[in-house]
Amino acid sequence: MAETIDLKLHVWRQKGPSDPGKFEDYSQYAKGISTHASFLEFLDVVNERLVLANQEPIVFDHDCREGICGMCGIVINGEPHGPQKATTTCQLHMRTFRNGEELWVEPWRAAAFPVIRDLSVDRSAFDRIIQAGGYITARAGAAPDANAIPIPKRLADEAMDAATCIGCGACVAACPNASASLFMAAKIGHLNTLPQGQAERDKRTLAMVAQHEREGFGACSNHYLCEAACPKEISVQWIARMNRDLLKAAMTYKPEPQRAGGDG
Amino acid sequence: MELRSNAPTGPIETRWERHKADIKLVNPANKRKYEIIVVGTGLAGGAGAASLADLGYKVKAFCYQDSARRAHSIAAQGGINAAKNYQGDGDSIYRLFYDTVKGGDFRARESNVYRLAQVSVDIIDQCVALGVPFAREYGGLLANRSFGGAQVSRTFYARGQTGQQLLLGAYSHLSRTIAEGKVELRTRCEMIDLIVEDNRARGIVTRDLVTGKIEAHLADAVVLATGGYGNVFYLSTNAKGCNATAIWRAHRRGAFFANPCFTQIHPTCIPQAGVYQSKLTLMSESLRNDGRVWVPRKKEDCTRDPASIPERDRYYYLEEKYPAFGNLMPRDIASRQAKFVCDQGLGVGPEINGVRRGVYLDFADAIKRDGKQAIADRYGNLFDMYQRITGEDPYRVPMRIYPATHYTMGGLWVDYNLMSNIPGLFVAGEANFSDHGANRLGASALMQGLADGFFILPYVIGNYLAQAGKSKTTESSAAVTTTLREAQTRFRKLIEIGQKGSRTVDDFHRKLGTLIWDHCGMARNPSGLKSALGQIPELREEFYRDVKITGSGEELNRELEKAGRVADFFELGELMCRDALERDESCGCHFREDHQADGECVRDDEHFAHVAAWEWCGQGPEARDGNHKQHREALSFEYVKMAQRSYK
Amino acid sequence: MLKAEPLPLLATGIGKKAVVAITGLVLYGFVFVHALGNLQVFLGREAIKAYRESLHSFPKALWGARAVLLVCLLTHVTLTIDIAAKARAARTTRYKVSAPIAEQGILQRYARKTMVLSGPILLVYIMFHLAHLTAGVVPGLPFKAGEVYDNLVRGFQNPMVAGLYIVANLLLGLHLYHGGVALFQTLGLRHPQWDAHTRHAAFLVTAVVTATNVIIPTTIAAGLIRQ
Numbered sequence: 001m002a003e004t005i006d007l008k009l010h011v012w013r014q015k016g017p018s019d020p021g022k023f024e025d026y027s028q029y030a031k032g033i034s035t036h037a038s039f040l041e042f043l044d045v046v047n048e049r050l051v052l053a054n055q056e057p058i059v060f061d062h063d064c065r066e067g068i069c070g071m072c073g074i075v076i077n078g079e080p081h082g083p084q085k086a087t088t089t090c091q092l093h094m095r096t097f098r099n100g101e102e103l104w105v106e107p108w109r110a111a112a113f114p115v116i117r118d119l120s121v122d123r124s125a126f127d128r129i130i131q132a133g134g135y136i137t138a139r140a141g142a143a144p145d146a147n148a149i150p151i152p153k154r155l156a157d158e159a160m161d162a163a164t165c166i167g168c169g170a171c172v173a174a175c176p177n178a179s180a181s182l183f184m185a186a187k188i189g190h191l192n193t194l195p196q197g198q199a200e201r202d203k204r205t206l207a208m209v210a211q212h213e214r215e216g217f218g219a220c221s222n223h224y225l226c227e228a229a230c231p232k233e234i235s236v237q238w239i240a241r242m243n244r245d246l247l248k249a250a251m252t253y254k255p256e257p258q259r260a261g262g263d264g
Numbered sequence: 001m002e003l004r005s006n007a008p009t010g011p012i013e014t015r016w017e018r019h020k021a022d023i024k025l026v027n028p029a030n031k032r033k034y035e036i037i038v039v040g041t042g043l044a045g046g047a048g049a050a051s052l053a054d055l056g057y058k059v060k061a062f063c064y065q066d067s068a069r070r071a072h073s074i075a076a077q078g079g080i081n082a083a084k085n086y087q088g089d090g091d092s093i094y095r096l097f098y099d100t101v102k103g104g105d106f107r108a109r110e111s112n113v114y115r116l117a118q119v120s121v122d123i124i125d126q127c128v129a130l131g132v133p134f135a136r137e138y139g140g141l142l143a144n145r146s147f148g149g150a151q152v153s154r155t156f157y158a159r160g161q162t163g164q165q166l167l168l169g170a171y172s173h174l175s176r177t178i179a180e181g182k183v184e185l186r187t188r189c190e191m192i193d194l195i196v197e198d199n200r201a202r203g204i205v206t207r208d209l210v211t212g213k214i215e216a217h218l219a220d221a222v223v224l225a226t227g228g229y230g231n232v233f234y235l236s237t238n239a240k241g242c243n244a245t246a247i248w249r250a251h252r253r254g255a256f257f258a259n260p261c262f263t264q265i266h267p268t269c270i271p272q273a274g275v276y277q278s279k280l281t282l283m284s285e286s287l288r289n290d291g292r293v294w295v296p297r298k299k300e301d302c303t304r305d306p307a308s309i310p311e312r313d314r315y316y317y318l319e320e321k322y323p324a325f326g327n328l329m330p331r332d333i334a335s336r337q338a339k340f341v342c343d344q345g346l347g348v349g350p351e352i353n354g355v356r357r358g359v360y361l362d363f364a365d366a367i368k369r370d371g372k373q374a375i376a377d378r379y380g381n382l383f384d385m386y387q388r389i390t391g392e393d394p395y396r397v398p399m400r401i402y403p404a405t406h407y408t409m410g411g412l413w414v415d416y417n418l419m420s421n422i423p424g425l426f427v428a429g430e431a432n433f434s435d436h437g438a439n440r441l442g443a444s445a446l447m448q449g450l451a452d453g454f455f456i457l458p459y460v461i462g463n464y465l466a467q468a469g470k471s472k473t474t475e476s477s478a479a480v481t482t483t484l485r486e487a488q489t490r491f492r493k494l495i496e497i498g499q500k501g502s503r504t505v506d507d508f509h510r511k512l513g514t515l516i517w518d519h520c521g522m523a524r525n526p527s528g529l530k531s532a533l534g535q536i537p538e539l540r541e542e543f544y545r546d547v548k549i550t551g552s553g554e555e556l557n558r559e560l561e562k563a564g565r566v567a568d569f570f571e572l573g574e575l576m577c578r579d580a581l582e583r584d585e586s587c588g589c590h591f592r593e594d595h596q597a598d599g600e601c602v603r604d605d606e607h608f609a610h611v612a613a614w615e616w617c618g619q620g621p622e623a624r625d626g627n628h629k630q631h632r633e634a635l636s637f638e639y640v641k642m643a644q645r646s647y648k
Numbered sequence: 001m002l003k004a005e006p007l008p009l010l011a012t013g014i015g016k017k018a019v020v021a022i023t024g025l026v027l028y029g030f031v032f033v034h035a036l037g038n039l040q041v042f043l044g045r046e047a048i049k050a051y052r053e054s055l056h057s058f059p060k061a062l063w064g065a066r067a068v069l070l071v072c073l074l075t076h077v078t079l080t081i082d083i084a085a086k087a088r089a090a091r092t093t094r095y096k097v098s099a100p101i102a103e104q105g106i107l108q109r110y111a112r113k114t115m116v117l118s119g120p121i122l123l124v125y126i127m128f129h130l131a132h133l134t135a136g137v138v139p140g141l142p143f144k145a146g147e148v149y150d151n152l153v154r155g156f157q158n159p160m161v162a163g164l165y166i167v168a169n170l171l172l173g174l175h176l177y178h179g180g181v182a183l184f185q186t187l188g189l190r191h192p193q194w195d196a197h198t199r200h201a202a203f204l205v206t207a208v209v210t211a212t213n214v215i216i217p218t219t220i221a222a223g224l225i226r227q
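For the record, the sequence lines run as chains Z, U and W.
Oh and the first sequence: position 205 is 205 in this note's numbering, straight run, nothing missing.
Oh and the second sequence: position 480 is 480 in this note's numbering, straight run, nothing missing.
Oh and the third sequence: position 178 is 178 in this note's numbering, straight run, nothing missing.
For the record, the hints were derived by calculation from the structure and aren't laboratory data.
Just to be clear, a hint being listed does not mean it is correct.
[What the hints assert, rightly or not] List of simulated lysine-lysine pairs, BS3-like, C-alpha gap at most 27 Å:
1. U/Lys213 - U/Lys500
2. Z/Lys15 - U/Lys213
3. U/Lys213 - U/Lys493
4. Z/Lys22 - W/Lys86
5. Z/Lys254 - Z/Lys232
6. U/Lys629 - U/Lys641
7. U/Lys562 - Z/Lys15
8. Z/Lys203 - U/Lys58
9. Z/Lys85 - W/Lys3
10. U/Lys58 - W/Lys3
11. W/Lys3 - U/Lys33
[Said to hold, decoys possible] Examples of chain U residues lying across from chain W (beta carbon under 8 Å, computed):
12. Glu180
13. Gly181
14. Ala324
Ideal placement from N, C-alpha and C gives every residue a C-beta, glycine not left out.
Assemble the whole structure, with the sequences as input and the hints as a guide.
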């Protein structure tokens with residue numbers, strides 16, 4: 001295997017949300033790249049060269065660089081997080097690419113994820129979906145003993161399968177409808193599976209789905225490209241469960257009467 | 001100035017209970033009048049902000065990431081300790097306390113550690129209630145695993161992603177309080193200075209990382225939960241964005257920095273592959289249960305295919321030097337031994353700057369003994385990760401590992417109330433120095449973060465506010481306008497230098513990191529530390545002369561962000577070396593080559609059983625040399641008898 | 001503060017999709033029965049005429065059923081258009097390079113990709129089909145009310161008409177197959193243990209319908225059935 005490779009690199013540059021943006025050819029800065037470097041380290045190298053050439057470096061989001069924080073995310077040749085399965089951009093290594101290969105590097109594309117700059121997008125819509133109901137209300141200090149409610153191993157494992165979502169947004173980026181169904185389903189599924197999550201189950205499901213709608217994500221039309229792009233391999237089975245939970249909740253949920261409490 | 005820990009006295013078991021009974025309370029109607037700033041949204045900050053909000057305070061939280069759930073607590077793999085004794089294997093609060101004090105090599109404050117062990121129990125209850133999917137046994141009860149430095153199974157875990165699950169729990173809690181309007185969260189926003197007026201923390205100055213806007217935020221109390229400073233080494237297992245600016249700027253405004261030289265090195269990380277390397281990845285220490293660590297005996301074998309090196313030419317240095325513990329030696333010793341053999345030129349892997357830094361971790365014997373399937377069942381995900389990063393198949397080729405910085409025990413000095421010496425400035429989690437002494441045990445960082453956030457900050461801050469009352473500082477106060485102006489000047493100056501400079505920020509950071517890693521890393525000696533103390537200021541001056549920064553300050557500018565952080569790392573790195581030089585003993589992770597017995601630490605309890613808390617003096621006359629003056633908090637050990645660690 | 005009010009079911013994508021799935025299921029049932037009924041063309045002129053007359057002997061039920069089907073069809077189409085419009089608004093830009101498609105079976109992948117395409121084509125086909133064999137208003141194609149057999153045979157002797165029916169029904173097959181599998185997902189009735197069975201059942205039913213609907217025009221066009 002060649003130790004270094006040259007790439008034909010095209011990167012999406014966009015000054016801000018209202019700038020139309022365009023691809024720039026950075027092939028001259030993408031030569032002699034070590035195959036052992038990660039994709040983000042490759043961009044680091046390109047950026048250092050750009051800075052030394054008095055050009056603005058490419059802005060991309062990243063943090064932990066070990067595949068868990070979910071901050072990184074770049075579309076490489078049409079694929080969110082690039083060609084390797086179950087791998088975030090930061091864990092993708094340059095040995096995946098051939099010498100001379102052409103790379104088109106773009107940000108996540110979704111109306112609900114406006115571009116902040118270059119490859120960095122605003123994913124705060126995800127946070128608002130969580131704020132709408134992605135929690136179990138439990139004040140510190142009020143919790144019963146951790147073993148008070150046994151949870152069958154199967155359930156705990158299932159909940160963990162969903163909870164492993166890193167909230168990177170690759171599902172939205174991959175979806176032709178820019179739907180956040182997989183993200184939302186994983187978050188709802190995690191909490192709705194656990195006994196602790198039952199009290200707020202219906203309210204949570206209805207509220208999170210409503211927020212998803214308000215953020216302007218599309219609906220799921222069963223293409224399942226999200227599952228293929230997900231670096232944590234979260235299954236679309238969770239979307240089916242969410243659909244079931246929502247339909248059930250919509251038919252049975254009664255909002256709690258709003259009463260002023262406790263001051264009397 | 002005398003440093004007072006303000007720890008209660010009397011029987012250690014009842015100190016925290018009595019303290020809680022003694023502290024002042026703020027009445028519920030008044031709580032909403034108080035504003036609290038929380039910087040950082042990891043386990044300590046996220047849990048702290050949410051808990052304070054639930055109590056009724058107005059909370060403003062800040063994080064530099066795009067979402068609160070990205071804080072680096074998320075990357076912790078192994079687990080979280082708690083003295084639940086669910087296994088019935090003899091665990092107790094006292095035992096966890098004992099293990100932590102001993103593991104910290106007797107450089108932590110007993111009262112704090114005991115309280116940590118006590119509230120560890122509540123953490124698990126709280127996290128389960130929040131929906132953290134901890135591993136379970138078939139009967140539905142919680143599972144535990146054992147972890148380094150303990151003889152009981154007290155570690156709770158969620159696959160290899162415990163930190164992620166705990167952080168998502170704290171984040172969901174925080175999200176609810178945000179939705180309820182109790183917390184205002186600012187993301188992509190970095191604290192760049194602390195506002196102090198009349199010896200009280202009044203607020204912070206932040207820079208919006210998207211617009212570049214520098215603003216002041218005022219509050220009645222400020223909590224820093226901004227993590228550790230491991231990135232001073234450039235290469236570490238920290239996230240790329242982790243930085244010391246918040247605590248360092250607080251330090252420059254008067255907060256004491258305690259034990260800066262206590263940095264922990266983790267022995268099983270994937271070695272550096274090239275100069276472009278941006279971070280190091282940790283792999284669970286559990287690998288050492290089955291892997292055998294070795295290097296070639298002869299230098300000429302270092303580039304040979306390891307499989308072709310005969311048994312007699314392999315140097316199983318841990319097994320040979322420490323027959324009793326072998327490959328399972330504690331983190332610090334295993335790390336140092338790897339450094340020694342590589343320094344002797346026996347390292348393997350790519351040569352970077354003239355040295356091969358890597359040792360083999362070989363599973364061939366284990367695969368022969370237990371079969372490939374058994375090994376895959378135990379370590380499959382780690383092997384996959386290794387292969388993804390290095391492109392090598394560890395089932396066939398021995399893994400290469402090397403130690404890397406991964407946690408910093410030092411941090412801002414705090415008293416028993418987690419308050420720094422600046423009233424109103426609280427410091428929680430890895431950002432403070434309090435609980436781990438000179439060495440942290442595995443699965444204890446998550447425990448401390450949540451203990452501080454969920455169970456300690458809510459009490460101690462109320463106590464402070466009840467006594468201090470509301471801050472009267474306003475936007476137009478002199479302290480606010482001055483601090484704001486100074487921060488703006490600092491960034492403007494960087495931009496000015498940056499336009500003319502010729503070397504990138506990363507270039508300087510790499511140089512600084514190498515310097516500190518070489519002289520103030522796994523092993524330290526006076527001449528090396530002195531040499532570093534000479535070189536760092538030179539490099540810093542060069543930085544302020546020649547750093548290159550593109551773009552302007554009034555926009556998203558990653559080079560400028562990095563430059564601001566690296567500028568602070570220069571000063572912090574210097575203080576680390578100074579502290580390491582003055583601590584004329586070895587203890588825990590601070591290994592001084594001139595104080596050892598066959599590679600093991602030799603403590604000097606008579607002269608160094610203290611916390612070294614450094615005060616920033618600028619260039620003032622109080623500074624003996626450099627910019628700092630040392631204060632000491634004496635440590636006394638009433639419950640755990642001081643003893644030398646021995647693993648021979 | 002975040003307004004976390006739930007939305008009415010039909011204001012959510014999931015709710016709309018569920019209605020599309022349920023209306024689709026009704027139409028699915030109709031298509032299946034319709035196809036089986038049509039098989040009687042092989043029993044000869046009288047058999048299929050008797051079948052028609054027996055249906056027409058309950059005019060209320062017949063018109064009731066037609067009304068239900070019409071409502072289902074309109075709802076199915078309207079909601080789908082609405083969902084597609086939302087999707088377009090949610091994703092306004094495509095990527096420079098289109099990614100290799102996810103690992104799915106060829107048939108499923110094709111069915112998925114043609115779902116959007118097959119919908120409008122089917123709509124045109126249904127209108128043509130009704131004009132041709134129910135209302136009998138297609139110019140150039142003679143129509144006698146009640147003479148099902150003659151209308152059918154005469155129509156399909158025209159190779160253009162037969163071809164149109166064959167192509168449309170193949171598309172219908174893909175539409176039914178994908179829809180048949182997808183509705184379990186959409187209604188949340190999916191379970192990993194049943195997934196394979198669901199897929200097989202959808203395939204089987206689709207195969208029966210498609211084969212029937214393709215065989216009839218094919219045999220007539222080939223001259224195997226004459227007037």
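Okay, the hints, checked on the actual structure:
no. : hint                : in the structure
1   : U/Lys213 - U/Lys500 : holds (23 Å)
2   : Z/Lys15 - U/Lys213  : holds (17 Å)
3   : U/Lys213 - U/Lys493 : holds (16 Å)
4   : Z/Lys22 - W/Lys86   : holds (26 Å)
5   : Z/Lys254 - Z/Lys232 : violated (35 Å)
6   : U/Lys629 - U/Lys641 : violated (31 Å)
7   : U/Lys562 - Z/Lys15  : holds (20 Å)
8   : Z/Lys203 - U/Lys58  : holds (26 Å)
9   : Z/Lys85 - W/Lys3    : violated (37 Å)
10  : U/Lys58 - W/Lys3    : holds (19 Å)
11  : W/Lys3 - U/Lys33    : holds (24 Å)
12  : Glu180              : holds (7 Å)
13  : Gly181              : holds (4 Å)
14  : Ala324              : violated (50 Å)
Violated hints for the displayed structure, listed by number in ascending order: 5, 6, 9, 14.
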